[in-house]
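J.: Guided by the hints, dock chain H with the ligands onto chain B, whose structure is given.
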Amino acid sequence: MSVKSWYERKYYGEIEDLPEEEYDVLVIGGGIAGIQAALDLGDMGFKVVLVEKEPSIGGFMYKLSKTFPTMDCASCIATPRMAQVFHHPMIDLLIYSEVEEIEKKGEGDFRVKVLEKPRFVDSSRCTGCGQCELACPVIVPHEYDWGLAGRKAVYIPFDTAVPRIAVVDLDHCIYCGQCERACPTEPPSIDFTQVPKIHHLKVGAIIIATGFHLFDARLKENYHFGEYPNVIHAMHMDRLLAPTRPYHAILRPSDGKEPNNIAYILCVGSRDKTVNNPNCSQICCMYSIKQAQLIMGALPLADVTIYYIDIRAFGKAFEEFYQQAKDMGIMLVKGRVAKIEQKENGDLIVWYEDIENGGKLCKAEHDLVVLSVGLLPNKEIANVFKGQKLEVDDVGWIKPVDENANPVETSIRGVFAAGTALGPKDIPDSVIEGGAAAMQCAAYLSEVRGRH
Amino acid sequence: MSGGVKNTVLEYRKKTGVEPPKELTELVKEINKIKAKITNALKEGPKTIPEIAKEIGMKESLTAWYVLTFVKYDLLEPESQTDEGYYRYKVKG
Ligand SMILES: Cc1cc2nc3c(=O)[nH]c(=O)nc-3n(C[C@H](O)[C@H](O)[C@H](O)COP(=O)(O)OP(=O)(O)OC[C@H]3O[C@@H](n4cnc5c(N)ncnc54)[C@H](O)[C@@H]3O)c2cc1C
Ligand code: SF4
Ligand code: SF4
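Protein chains in written order, with the numbering used here: chain B, 1 to 452; chain H, 1 to 93.
Next comes chain B alone, as it looks inside the complex (with noise of 0.2 Å):
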């Protein structure tokens, strides 16, 4: 299915061209770092608008299952920060949008287009019941599972998605009516009568939040991901074992068994030239800990091997958490896996170079592969600038003025950047940054704005 650009599409009615408005802070991405950022600036009286453009904001963190190295419940720290920053006097959301162009004007004068996708649902009525998606007959691979399992042509994104509305994928649906004969609100809250809003924003800052990309691990064409429906990747896993998962329990996707033998490959597409990415991903060795951990939990019986080139575990209580993995008779193996084949029955031949066996070429089977995916930059932001230029580095990663004693501001003065949008980093660190942003903006507003 080709995919068309929002200026493609069919309307109702022509697209809508708003007046200018006027906000102290434009914050791009709604994830952790971005509702840090946003909620900061809030606080402290600033007028934050947040653009997100998926219909729920969240980002990565509210599909994960717990995080390391604390275990707790992803989603029961995220979507409380989600609420407040969707509750908050002194910020206003564009959900569901894109920012397409930004010029700076002078200091503390950024003008910016933004558009306003629609939903195709009236968010002031709908009360998320549900009922439409069940009666939609189209069913396509769900995003937010990454394909694990189906989303109907309406959705809601996630139980726990801020705003906890449907929205309808125009490019896949058959006009069928359904959805608003099932819509029980009075009048129905599906309305295909929207059209695109394209808002025009004067802000005196901006953050940018944009987060990251996954690996595409079809690259790593030894490891047959998207061919071996057993060879899955990192973000599968978090989503098999979250409290909102796809299926009703862990279960591999060639044919719905239990895993008791699973293996994990760490470093899939960091560290590897070969794929253009030589950095350290940073998280991956402590993700697949985690995991590691939760399954033990979930499936007592399962065995768990983690292939691994050397764990990198910097960060505070992180060794700990390594160590308790190990006590825990999670194996791990220090290997290079060259590839892997798949027999009859959907089980999988690793074959790996055994490091501390002299690099012994060594096999071993597993009903079930995880790579352990790393991070890559959300390259599209940077062409968003007109006439200044965004500077990132050899990766494609924000690249901060100076990495050590201003590490969130960007080559364009005014404009700064928080959480993965800059580099790989954890939940912890991009909240971190999220605060930083928000502080230095704060600076740069009162200093531009003192001068004026």
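For the record, the hints were derived by calculation from the structure and aren't laboratory data. These figures come from a predicted structure and were not determined experimentally. Among the hints, a few may not be true.
As the list claims (entries may be wrong) - DSSO-like cross-link-like pairs, simulated, lysine-lysine; straight-line CA separation at most 27 Å:
(1) B:Lys343 <-> H:Lys54
(2) B:Lys4 <-> H:Lys15
(3) B:Lys197 <-> H:Lys92
(4) B:Lys10 <-> H:Lys29
(5) B:Lys10 <-> H:Lys92
(6) H:Lys92 <-> H:Lys54
(7) B:Lys10 <-> H:Lys6
(8) H:Lys59 <-> B:Lys343
(9) H:Lys6 <-> H:Lys33
(10) H:Lys92 <-> B:Lys4
(11) H:Lys15 <-> B:Lys10
(12) B:Lys386 <-> B:Lys47
(13) H:Lys90 <-> B:Lys197
(14) B:Lys117 <-> H:Lys59
(15) B:Lys10 <-> H:Lys59
(16) B:Lys117 <-> H:Lys54
(17) B:Lys197 <-> H:Lys6
(18) H:Lys90 <-> B:Lys4
(19) H:Lys15 <-> B:Lys117
(20) H:Lys22 <-> B:Lys4
(21) H:Lys90 <-> H:Lys43
(22) B:Lys117 <-> H:Lys22
(23) H:Lys22 <-> B:Lys339
T.: Coordinates of chain H with the ligands only, in the frame set by chain B:
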């Protein structure tokens, strides 16, 4: 706001002249067939995904995807588990 327009999907279709893409209408027909085949296969009693796949002549991984999606949408439910770690599914209700 729908501005008082009733049956907005129908009105949208009339006004824009859009037609559902053929590949999507074919997909919906296929989904309906798969749904019927799976529920039919479960008429005699609960079955595992490999058993359903064999009976309806569909790839195990595709059968797994639909069965687990139908569980999510409350059409099917897991009933019991085999010693090999498979769940048996039945039609809900
Ligand atoms: C498998 C896995 C497991 C993990 N487990 C843990 C863990 O246990 N503990 C831990 O601390 N960390 C964990 N992490 C890391 C954690 O997910 C990140 O640290 C955190 O999500 C970073 O938050 P962020 O706000 O920087 O980015 P994101 O979560 O990526 O949020 C960015 C947001 O910006 C939006 N966006 C992107 N582009 C645009 C745009 N152009 N316009 C508007 N909006 C945009 C996105 O839709 C998204 O909502 C894990 C990561 C993975 C992949
Ligand atoms: S009109 Fe579209 S979204 Fe609504 S039920 Fe039909 S296919 Fe689904
Ligand atoms: S659009 Fe209607 S049916 Fe769908 S979730 Fe909202 S209120 Fe329920």
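J.: Now look at each hint and say whether the structure bears it out.
T.: Evaluated hints:
no., hint, verdict
1, B:Lys343 <-> H:Lys54, "holds (18 Å)"
2, B:Lys4 <-> H:Lys15, "holds (19 Å)"
3, B:Lys197 <-> H:Lys92, "violated (43 Å)"
4, B:Lys10 <-> H:Lys29, "holds (25 Å)"
5, B:Lys10 <-> H:Lys92, "violated (40 Å)"
6, H:Lys92 <-> H:Lys54, "holds (21 Å)"
7, B:Lys10 <-> H:Lys6, "holds (19 Å)"
8, H:Lys59 <-> B:Lys343, "holds (15 Å)"
9, H:Lys6 <-> H:Lys33, "violated (32 Å)"
10, H:Lys92 <-> B:Lys4, "violated (38 Å)"
11, H:Lys15 <-> B:Lys10, "holds (9 Å)"
12, B:Lys386 <-> B:Lys47, "holds (24 Å)"
13, H:Lys90 <-> B:Lys197, "violated (46 Å)"
14, B:Lys117 <-> H:Lys59, "violated (37 Å)"
15, B:Lys10 <-> H:Lys59, "violated (37 Å)"
16, B:Lys117 <-> H:Lys54, "violated (44 Å)"
17, B:Lys197 <-> H:Lys6, "holds (22 Å)"
18, H:Lys90 <-> B:Lys4, "violated (39 Å)"
19, H:Lys15 <-> B:Lys117, "holds (19 Å)"
20, H:Lys22 <-> B:Lys4, "holds (16 Å)"
21, H:Lys90 <-> H:Lys43, "holds (8 Å)"
22, B:Lys117 <-> H:Lys22, "holds (25 Å)"
23, H:Lys22 <-> B:Lys339, "violated (40 Å)"
Taken one by one, the earlier hints fail for this structure at numbers 3, 5, 9, 10, 13, 14, 15, 16, 18 and 23, listed in ascending order.
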